[in-house]
Amino acid sequence: MANVLLILPELTIFLAAILVFKCLILGLSVLHVWRVAFAGSLLGLGACLITLGMTGEPFHPGIYRVDLFSQLMKTVIAAALVLVLVLSDSPPVMRRDAWRELPFFLLLSSAGLMMMTSATELITLYLALELSAFPVYALIVLHRDRRMGSEGATKYMLQGMVASAVTLYGMSFIFGLSGTTYLSEIAAALPELGSQPLFWVGLLLLLAGFLFKLALFPFHFWAPDTYFSSPHPVATFIATVSKVAAIAVLCRMVAVAGWNEASIDGETLRIVLIVLAVAAMTLGNLAALVQKDFKRLLGYSAIAHAGYIVVALQAFSSLGHTAIVFYTIGYLAMTWICFMVACEVGRNRDTVPVSALAGLWQRSPMLALCLLIGIFGLTGLPPTVGFIGKWFLFSAALEDGQFLLVLIAALNSAVAVYYYMRVLRVAYLLEPAKEDTGILAPSPLVVTGAMVACLVVLWMGVAPNYFWEIAAEAIVALGATY
Amino acid sequence: MGESIFEANLILSLFLFTVGILGVMWKRNAISLFMSVELMLNAANLAFVTFAFQHGIIDGGILVLFIMTVAAAEAGVGLAIFIALFRVRRHLRVDEHDMLHG
Numbered sequence: 001m002a003n004v005l006l007i008l009p010e011l012t013i014f015l016a017a018i019l020v021f022k023c024l025i026l027g028l029s030v031l032h033v034w035r036v037a038f039a040g041s042l043l044g045l046g047a048c049l050i051t052l053g054m055t056g057e058p059f060h061p062g063i064y065r066v067d068l069f070s071q072l073m074k075t076v077i078a079a080a081l082v083l084v085l086v087l088s089d090s091p092p093v094m095r096r097d098a099w100r101e102l103p104f105f106l107l108l109s110s111a112g113l114m115m116m117t118s119a120t121e122l123i124t125l126y127l128a129l130e131l132s133a134f135p136v137y138a139l140i141v142l143h144r145d146r147r148m149g150s151e152g153a154t155k156y157m158l159q160g161m162v163a164s165a166v167t168l169y170g171m172s173f174i175f176g177l178s179g180t181t182y183l184s185e186i187a188a189a190l191p192e193l194g195s196q197p198l199f200w201v202g203l204l205l206l207l208a209g210f211l212f213k214l215a216l217f218p219f220h221f222w223a224p225d226t227y228f229s230s231p232h233p234v235a236t237f238i239a240t241v242s243k244v245a246a247i248a249v250l251c252r253m254v255a256v257a258g259w260n261e262a263s264i265d266g267e268t269l270r271i272v273l274i275v276l277a278v279a280a281m282t283l284g285n286l287a288a289l290v291q292k293d294f295k296r297l298l299g300y301s302a303i304a305h306a307g308y309i310v311v312a313l314q315a316f317s318s319l320g321h322t323a324i325v326f327y328t329i330g331y332l333a334m335t336w337i338c339f340m341v342a343c344e345v346g347r348n349r350d351t352v353p354v355s356a357l358a359g360l361w362q363r364s365p366m367l368a369l370c371l372l373i374g375i376f377g378l379t380g381l382p383p384t385v386g387f388i389g390k391w392f393l394f395s396a397a398l399e400d401g402q403f404l405l406v407l408i409a410a411l412n413s414a415v416a417v418y419y420y421m422r423v424l425r426v427a428y429l430l431e432p433a434k435e436d437t438g439i440l441a442p443s444p445l446v447v448t449g450a451m452v453a454c455l456v457v458l459w460m461g462v463a464p465n466y467f468w469e470i471a472a473e474a475i476v477a478l479g480a481t482y
Numbered sequence: 001m002g003e004s005i006f007e008a009n010l011i012l013s014l015f016l017f018t019v020g021i022l023g024v025m026w027k028r029n030a031i032s033l034f035m036s037v038e039l040m041l042n043a044a045n046l047a048f049v050t051f052a053f054q055h056g057i058i059d060g061g062i063l064v065l066f067i068m069t070v071a072a073a074e075a076g077v078g079l080a081i082f083i084a085l086f087r088v089r090r091h092l093r094v095d096e097h098d099m100l101h102g
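Chains A and B supply the protein sequences, listed in that same order. Just so it is clear: in the first sequence, position 359 is 359 by my numbering, and no numbers are missing. Just so it is clear: in the second sequence, position 57 is 57 by my numbering, and no numbers are missing.
For reference, chain B alone in the conformation it holds in the complex:
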């Protein structure tokens, strides 16, 4: 891989991670928060693949497969919990948690 593509990939990864972090800080809907976290995971994935190409070893690619599998499981658990939350509250805005504060 050329040097310029390598750097471009890393910059894209950093950008995705930043968008994810900002989303986590500003978004207030549970699904949006979840999507922001997925962006952060994908930023890590991209960085892993890029570095794996750079070093010419396969470990980074393997790690990405594991991360994607775990992220899928995470989505399963997460969405189930959101459904449980939605059933009792009829909305998913996390800043309106009136029972838990502080």
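Bound-form chain A, shown alone:
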């Protein structure tokens, strides 16, 4: 019974997915299906909060670990899922004959993402990775514009498949050298394995699938295209929920590879991560400068943010990991706010060009204010979490003596100010185009969600202590495992 309690969050989300599937078979209307899914995701969030303090291994020892780190990540995933479902009750720009199916795939993918945060064994990790990916491939095809949807899905799926094949090949190296698929045993054998270059090659290949989800260079090509060509709520899901799980797995793998005791070959892994981070930040920010589409711009901004996160990840320290967990929570809220605005503005548009935001201040002051907070956060301006979160990320790298890397990251943040401010200029200073002067009225639920997200962004920015302590405790729990 205790074991069932440990996996309550995943179980709730899975059962909700099955229930939604049953509702789809029974032919219930969009609204009913959505209500069932929304209730299920709220229950899942509750289950996450209940299990937040629990520790244990519900299955065969070593396969699946429930601790504060995994449960915190699951709570964040469940909260983000609720927020995405808030935008999906009458999903914009989806095929009308198929939009009922959106909540089902979202729930299924979230269950896979939750499993990813707990998996401590290679087979489990791989299965969770694929379970979280397939539903999203299917969702992109459901775009109202069939041509855009199927092209976007093809690109995303092919790149995702290549990344997961590379991951598998890396796993085969690690399995071959260590003779086990359990992360705990790999960590125990590390002093011996760490001297073999092939182990680090394998680890780097293994990380590929997760770096892909995070959209880090050189696995970033999909991000702008996929954000652009997905239905808006699906793009929101890809940009928020799936990032959290990828970051969780990266933190766990780096924790396995050892903090502060990195061997000479571990240094090579660090150098590779540094190069990838610099490339991702520079490329993402420079390409974002010339973007005309809002979602595409957010895609390039996501690549740059993946770079900022790896800046702290390469420090291989508990401080860096805490900064990452902290920043992830804030990043999720900021990104959701920006996509929420894109959903509302793009309710009747297949794409959301930046020019569609013109006059947002007159069309809906509430949305304009949200956009201001979200964009300030992504830019990294105080008093939002973007500023303090980046401060933590960079100081983790500084503590490690990576002055040049932090300088490059700071210069990149300065470049980013230009394109973020351009968005705000369009939203606040330009007159709305003739065809879209109407007042935008988001539903009460969306307004509630936006208020919560804005509150999180500002609260974490003004008083980071509370969230920082939770993140630090979670990382202590993670570090105690290996």
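Hints are computed from structural coordinates only; laboratory data are not their basis. In this text, all values refer to a predicted model and were calculated from it rather than measured experimentally. The C-beta atom is built at its ideal place from N, Cα and C for all residues, glycine as well. Be aware that a few hints might be false.
To be verified - Chain B side only, calculated, beta carbon under 10 Å to chain A, not exhaustive:
#, residue
1, PHE17
2, ALA43
3, VAL70
4, GLU74
5, ILE81
6, LEU85
We have chain A already, so just place chain B on it with the hints.
Here is chain B on its own, set in the frame of chain A:
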């Protein structure tokens, strides 16, 4: 298993993986890309089985069963998406994506 067969298997696996990677980089037809990815998966499968024999444990073999099942599901989702793509465009050349660029 003899040492020479072990090494031969690993070299074959590396060869398959390389062919797969090159195919992914050079081929432009969605089905060819898909086949290249399958080659990469099979390279991983071969490596897993070889290592499992080498260590005398069964985990690698189990992993291969899972990978094959997932690959089958992948083919299901993938081919469905290709059919959707083919219906609107009448061809499957991925470099002629005129709507998405960059």
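We went through each hint and held it up to the structure:
no.	hint	verdict
1	PHE17	6 Å, holds
2	ALA43	6 Å, holds
3	VAL70	5 Å, holds
4	GLU74	6 Å, holds
5	ILE81	5 Å, holds
6	LEU85	4 Å, holds
Of the hints listed earlier, there is not a single one the structure fails to meet.
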